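A.B. asks: Produce the complete structure using the sequences and hints provided.
2 protein chains.
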Amino acid sequence: MPFSISFVPEIRFGENLHETIGSAAKAFGAHTAAIVIDGFLAQSGLAGRIVAQMQAEGIEARVFSDFAGEPKIAHVRHATEVVTGAEVVIGIGGGSALDIAKIAACCAASGEDAMHYALAANPLPKNPLKKIMVPTTAGTGSETSATNIFAGPEGKKLWIWGAETKADLVLLDPVLTATLPANLTAWCGMDAFIHAFEAATNRNAHAGGKFYAHEALRLLTGALETAVKEPDNMAARGKVLLGSCYAGIAIDNCGTAVAHNISHAMAGLAPVHHGLATALGFEATLAWLVEADTADLHAAAKACGLVDAAELPAFVSGLMDRCGIVRALPKAFAAIDAQMLATEMKAPENQPMRRSTIRDISDADIARFAASIMSLPKAA
Amino acid sequence: MPFSISFVPEIRFGENLHETIGSAAKAFGAHTAAIVIDGFLAQSGLAGRIVAQMQAEGIEARVFSDFAGEPKIAHVRHATEVVTGAEVVIGIGGGSALDIAKIAACCAASGEDAMHYALAANPLPKNPLKKIMVPTTAGTGSETSATNIFAGPEGKKLWIWGAETKADLVLLDPVLTATLPANLTAWCGMDAFIHAFEAATNRNAHAGGKFYAHEALRLLTGALETAVKEPDNMAARGKVLLGSCYAGIAIDNCGTAVAHNISHAMAGLAPVHHGLATALGFEATLAWLVEADTADLHAAAKACGLVDAAELPAFVSGLMDRCGIVRALPKAFAAIDAQMLATEMKAPENQPMRRSTIRDISDADIARFAASIMSLPKAA
Chain A
6 MPFSISFVPE
16 IRFGENLHET
26 IGSAAKAFGA
36 HTAAIVIDGF
46 LAQSGLAGRI
56 VAQMQAEGIE
66 ARVFSDFAGE
76 PKIAHVRHAT
86 EVVTGAEVVI
96 GIGGGSALDI
106 AKIAACCAAS
116 GEDAMHYALA
126 ANPLPKNPLK
136 KIMVPTTAGT
146 GSETSATNIF
156 AGPEGKKLWI
166 WGAETKADLV
176 LLDPVLTATL
186 PANLTAWCGM
196 DAFIHAFEAA
206 TNRNAHAGGK
216 FYAHEALRLL
226 TGALETAVKE
236 PDNMAARGKV
246 LLGSCYAGIA
256 IDNCGTAVAH
266 NISHAMAGLA
276 PVHHGLATAL
286 GFEATLAWLV
296 EADTADLHAA
306 AKACGLVDAA
316 ELPAFVSGLM
326 DRCGIVRALP
336 KAFAAIDAQM
346 LATEMKAPEN
356 QPMRRSTIRD
366 ISDADIARFA
376 ASIMSLPKAA
Chain B
6 MPFSISFVPE
16 IRFGENLHET
26 IGSAAKAFGA
36 HTAAIVIDGF
46 LAQSGLAGRI
56 VAQMQAEGIE
66 ARVFSDFAGE
76 PKIAHVRHAT
86 EVVTGAEVVI
96 GIGGGSALDI
106 AKIAACCAAS
116 GEDAMHYALA
126 ANPLPKNPLK
136 KIMVPTTAGT
146 GSETSATNIF
156 AGPEGKKLWI
166 WGAETKADLV
176 LLDPVLTATL
186 PANLTAWCGM
196 DAFIHAFEAA
206 TNRNAHAGGK
216 FYAHEALRLL
226 TGALETAVKE
236 PDNMAARGKV
246 LLGSCYAGIA
256 IDNCGTAVAH
266 NISHAMAGLA
276 PVHHGLATAL
286 GFEATLAWLV
296 EADTADLHAA
306 AKACGLVDAA
316 ELPAFVSGLM
326 DRCGIVRALP
336 KAFAAIDAQM
346 LATEMKAPEN
356 QPMRRSTIRD
366 ISDADIARFA
376 ASIMSLPKAA
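Residue numbers (our numbering), protein chains in the order written: chain A, 6 to 385; chain B, 6 to 385.
No lab work stands behind these hints: they were computed from the structure. Note that the structure is a prediction, hence the values are computed from the model and not measured. Worth double-checking, as some hints may not be accurate.
Below, a sample of chain B positions facing chain A; criterion: calculated Cβ distance under 7 angstroms [as the list claims (entries may be wrong)]:
{"hint": "1", "residue": "7"}
{"hint": "2", "residue": "11"}
{"hint": "3", "residue": "12"}
{"hint": "4", "residue": "15"}
{"hint": "5", "residue": "16"}
{"hint": "6", "residue": "17"}
{"hint": "7", "residue": "18"}
{"hint": "8", "residue": "220"}
For glycine and all other residues, C-beta sits at the position ideal for the given N, C-alpha and C.
C.D. replies: As structure tokens, then:
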């Protein structure tokens, strides 16, 4: 079966690699750099230390950290202003920071507004700024993907997709993930696990993508629980971070499926952490999914150390238990019912993830999955 | 343990992908292209068909095919003349064609002679021409490596190394390998197998490289014998081609070891196919090597479907038997003795492969290995 694997950026892995960001920027020949970094990381002193590294290399560095939560067009535009004139862009943080940095590296190169590229309205510039991506959460895989999400002027979720947005260099430093609280470690880790699982088992799965996805499943299965329970265990943190990166490569080539249909639909209704929403959607659909009984499902189960796919639902629920994931929705979902979720799951922008799922999803299936999700307690 | 994985070019895999070379060049925005292709392939009509593809896309294409055997500086210079002025370079053939194309893409961009870059005398140009690599043998892994070999003005083997020489796009088309004779399929396939094995087990082995190397071992172990015995079995040809490509990624990051010390030493004495020489060197040293009893050796054995590393020597000899590899040296080795081979194995340019080997190689070991190789019959 034919397949293609988009280019994979240079990946460096190791403890305290964040101390080499300045020299990495220097190796790109940069004299000016822009750092897009999560606000709380900037306040922790990390931004200042990286600016100092840059100065030691003779690089003038500016910082943009004025954002929080899901990226909005205003964040992207502000980041683009800061990035314009720099030769290299460094994204440090969770998926939001990385997405903003990747988009800004394109917009700053062309002078165009992000809306010019949203939903593939126009081709991306061929020569974006050089990009170094340094994830501090282990989940989104944005460091190795070509997909970038932000909310448009009317609050609607938009995407910019293209190889031009991909990183040139990825630095994976498990030390940067050590301060991630246990619940975020678990939610992000499950997001990565589900990226790998869905990429390896959906209708677009292929040998090239499965190669990365199965390794991600092996790494995450082996280390996620330990990373949650022993936050300073750098070996476990490292495996989860590398697994998340490989899972990002897998979705970059093969995409996701029903669990992401549900989590994107939930995000359209009320604020909820993407990893938590995806984990809840995955658990609500997995027993139904594995009835498809495909070779890909069995291969994914084997990568998790299981004998066959029938063991997956219990295994995943057990993993979520052991990682302390509370099955509950944020309070904001109190005003939302199953019908509203079902409608959102059928919205046009969520159909690609419905169609890519290995089983056909009927409207009755959607009603059932939505009811299952909305029957969860609404917690704080 | 820290590691880094150099960028991996976009890889497309599928039967008859060579029919898309013209559209791939077009997608790079090229109006002019240069094709570096093995002479016998050019004569088979393949070059003409690709030129016609290019013309259909509005691309003016020139062809360089005036070379055979190991690349010499004259070939590289002639290729650079043909390539100069083109926007994209397409390499089609065995490792020689690909190496020449990759070097010419750099030299044509800068206007410098290849000797300017040999042995890392000067940094490579930052903006080489775009490169599409289409291997027609499954062995060298040149399509995914940064190493390029040619003979200098005095006949001495030289190398040009650097990420700037790497492909932007790799097209893996098993159909192009179907006419490879059985002995070349076996020799090249063993070269790929040994690339993967040595990269996964030498002193520079790391998690990133082993990930690619183990997949290569799985693919090659499963398919090489079938590809040799059933030349039109495209599934087997495809697995060997993909395995060779992944093995190329593995050596690009972790290098080789003693078997390549021996084959490079042999090449310094008389003409011999690189894959055959490497296979002979591997078989002569493997029983000694596995006494090191490392975790990496056992993991490589497992990737070959074995229980542990002690099974490797018999397994490899059996695989070589089943692939019909005759243990014999070319006639040109009649005038060469073990002492000469040992001296060559100790030559400065072959020491990196000696030092990277997981066991220390004493001069007595070298004498023994050289005697073992030179005791082989000298055939036609």
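A.B. asks: All the hints need checking, so say for each whether the structure fits it.
C.D. replies: Each hint, compared with the structure:
1. Of the supplied interface hints, the one on residue 7 of chain B holds, with its beta-carbon coming within about 3 angstroms of a beta-carbon of chain A, less than 7 angstroms.
2. The restraint placing residue 11 of chain B at the interface with chain A holds, with a minimum CB-CB distance near 6 angstroms, inside the 7 angstroms limit.
3. For the restraint placing residue 12 of chain B at the interface with chain A, the shortest Cβ-Cβ distance is roughly 5 angstroms, inside the 7 angstroms limit, so the hint holds.
4. At its closest, the beta carbon of residue 15 of chain B sits 5 angstroms from a beta carbon of chain A; the interface hint therefore holds under the 7 angstroms criterion.
5. Given hint, residue 16 of chain B at the interface with chain A, holds; its Cβ is 5 angstroms from that chain's nearest Cβ, closer than 7 angstroms.
6. Because the smallest distance between the Cβ of residue 17 of chain B and any Cβ of chain A comes to about 4 angstroms, under 7 angstroms, the interface hint for this residue holds.
7. Interface hint at residue 18 of chain B: satisfied, since its Cβ lies 5 angstroms from the closest Cβ of chain A, which is below the 7 angstroms cut-off.
8. For the restraint placing residue 220 of chain B at the interface with chain A, the shortest Cβ-Cβ distance is roughly 6 angstroms, inside the 7 angstroms limit, so the hint holds.
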